[in-house]
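With the hints as constraints, model all of the structure from the sequences given.
Letter by letter, the chains look like this.
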Amino acid sequence: MNLSYLFDAAHWDPSATGSFPDLLLAHLGYVALALLIGTVIALPVGLYIGHTGRGSFIAINAGNAGRSLPTLGLLMLMVTLLGLGLLPVLIALTVLVIPPILTSAYAGMRTLDSQVVDAAKGMGMRPWQVLTRVELPMALPVLFSGFRSAALQVVATATVAAAVGLSGLGRLMIDGLAVNDYSRVLAGAIVVALLAVLLDLLLAQVQRWIVSPGVSKRF
Amino acid sequence: MITFDDVVKVYPGGSTAVDHLSLELPTGKTTVFVGPSGCGKTTSLRMINRMVHPTSGRVLIDGQDVAGQDEALLRRGIGYVIQHAGLFPHRTVLDNVATVPMLTGKTRREARTAALGLLERVGLSEEFAKRYPAQLSGGQQQRVGVARALAADPPVMLMDEPFSAVDPVVREGLHKEFLRLQEDLGKTIAMVTHDIDEAIKLGDVVAIFRQGGVLAQMGTPQELLDHPADDFVAEFVGRDRGFRGLSFDSAADLPVRELTPDLVLDDKGRPEGWRVDGGIKALGGTFTTADSLRQVTDLAIISPVGIAVRVDESGAADGLVRHHDLADHLAARRGRSA
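In order, the protein sequences belong to chains A and B.
The first sequence begins at 1 in my numbering and counts up one residue at a time.
The second sequence begins at 1001 in my numbering and counts up one residue at a time.
Keep in mind that the hints were calculated from the coordinates and are not lab data.
C-beta atoms are modelled at their ideal positions from N, C-alpha and C, and glycine is treated no differently.
Be careful, since some hints might not be right.
Claimed, not checked - Between beta-carbon pairs, the in silico distance windows are:
id: 1; chain 1: A; residue 1: Gln205; chain 2: B; residue 2: Gly1063; range: 39 to 49 Å
id: 2; chain 1: A; residue 1: Leu87; chain 2: B; residue 2: Lys1130; range: 47 to 57 Å
id: 3; chain 1: B; residue 1: Arg1109; chain 2: A; residue 2: Leu198; range: 39 to 49 Å
id: 4; chain 1: A; residue 1: Leu77; chain 2: B; residue 2: Arg1109; range: 56 to 66 Å
id: 5; chain 1: B; residue 1: Arg1121; chain 2: A; residue 2: Arg110; range: 45 to 55 Å
id: 6; chain 1: B; residue 1: Gly1063; chain 2: A; residue 2: Ile210; range: 44 to 54 Å
id: 7; chain 1: A; residue 1: Ser114; chain 2: B; residue 2: Lys1130; range: 22 to 32 Å
id: 8; chain 1: A; residue 1: Ile210; chain 2: B; residue 2: Arg1109; range: 22 to 32 Å
Right, dumping it as structure tokens:
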């Protein structure tokens, strides 16, 4: 294993284009945008389906369909249709993010204790208050685990951005392969893997902060 | 006063849950809806706070039709207690109790201060305030449920099978506490139960429903036990209703005999047992003038010598009741009431 590329100080200069910090930032940018857009789309839909029980086949099938869609193929299709740029990459990554969030939002709402919801209504909470003050806090562990698995998948898959000329940690692999610089490919793989692990640890910590001890049973 | 005025509830699909129900729940009293499952008792209860909407007819609270009122505002003015308490698992006990005051615009501080007082009121010490519902027993959860329903001091309380999810010993304790609280607070309470014993024990008025959402009979527990309207009610209140009816007769006016030397007393005059054939046998219990004839009868039956022992406030024995004294007393009572 040749780790020379990874440990070359020149590749860690934040001001240099194509350095680790530069690529990392771009990579995280794609990840954050895809998660944001995906959450904005999938969360309300999943909550609505889970809340009303209407259209549950969408939520159930979304998970399977989403997993079987090859992101690289979808990306190439989008590039063919829309041309090069950020948009096709974001669409491909968002499509990846939606299923786990949609499915977990649905599952989180379906498994709520109906007695507690009944109590909330009976005490005079308005529908919006029932959702935000009772249902969401109770469904949060399930919801958040969906978000975590979406984040992990998109961190790994955002490397495809480099395949259509964009930045991100995928550059190391695409460019390394192009010039047979396997040290660079290896560095890219290691950094992506580390990033995925660190992100998951961070999200696990966030989950611990935002989920009530009464729900997580960590008293 | 809560009034049901010719209320009908037909569910989509055509099944009738409540069939032309008209009744009044008196202010400041506990009215218990009781009946077999599928008799419409819970549906009726839930029409009071608009959790269920009647197909026709009206439900009025103090003359005001609930149908015209904002659902959320109406419900904030009505305490609501359900079977498994339905506490919010993500909130502490204190914040559960503070829920309705917070909804009605009290500050967090005011609501929490009031909530602390209520916890004490339902017999939970301050140390429970910071716990989460999952850390409580079923009986404790139900107490918190009652405190939460009382938090905004609503004049009306709805209780849907509030004590049925706890074991009999805990239920007994909760019953006592319920009666004590209600004596203090005098809320207008509508309660649902499937347990006729509970209904008789807790209700000032009991409404017995039959299948199909029809009111079979409504009256005080004593009226239902003494004069059931038909076979269904007689069957429902039970075959031993004569014995159960004794729970409503106070032991205060039951004549007692003087103590006999067979009764062993300690130096403070408290009874310890009966001298039988040279040995000493356990009493099995004592009663006071605050107990019911049912208790006295029970004691006379289990006593090794067939005699129930009465004690005064200090616990000192002050009278005896034999089997046949009870029989005479009951015969005299029947003579008076006939």
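Here's how the hints hold up against the structure:
{"no.": "1", "hint": "A:Gln205 x B:Gly1063: 39 to 49 Å", "result": "57 Å, violated"}
{"no.": "2", "hint": "A:Leu87 x B:Lys1130: 47 to 57 Å", "result": "51 Å, holds"}
{"no.": "3", "hint": "B:Arg1109 x A:Leu198: 39 to 49 Å", "result": "40 Å, holds"}
{"no.": "4", "hint": "A:Leu77 x B:Arg1109: 56 to 66 Å", "result": "58 Å, holds"}
{"no.": "5", "hint": "B:Arg1121 x A:Arg110: 45 to 55 Å", "result": "37 Å, violated"}
{"no.": "6", "hint": "B:Gly1063 x A:Ile210: 44 to 54 Å", "result": "47 Å, holds"}
{"no.": "7", "hint": "A:Ser114 x B:Lys1130: 22 to 32 Å", "result": "27 Å, holds"}
{"no.": "8", "hint": "A:Ile210 x B:Arg1109: 22 to 32 Å", "result": "24 Å, holds"}
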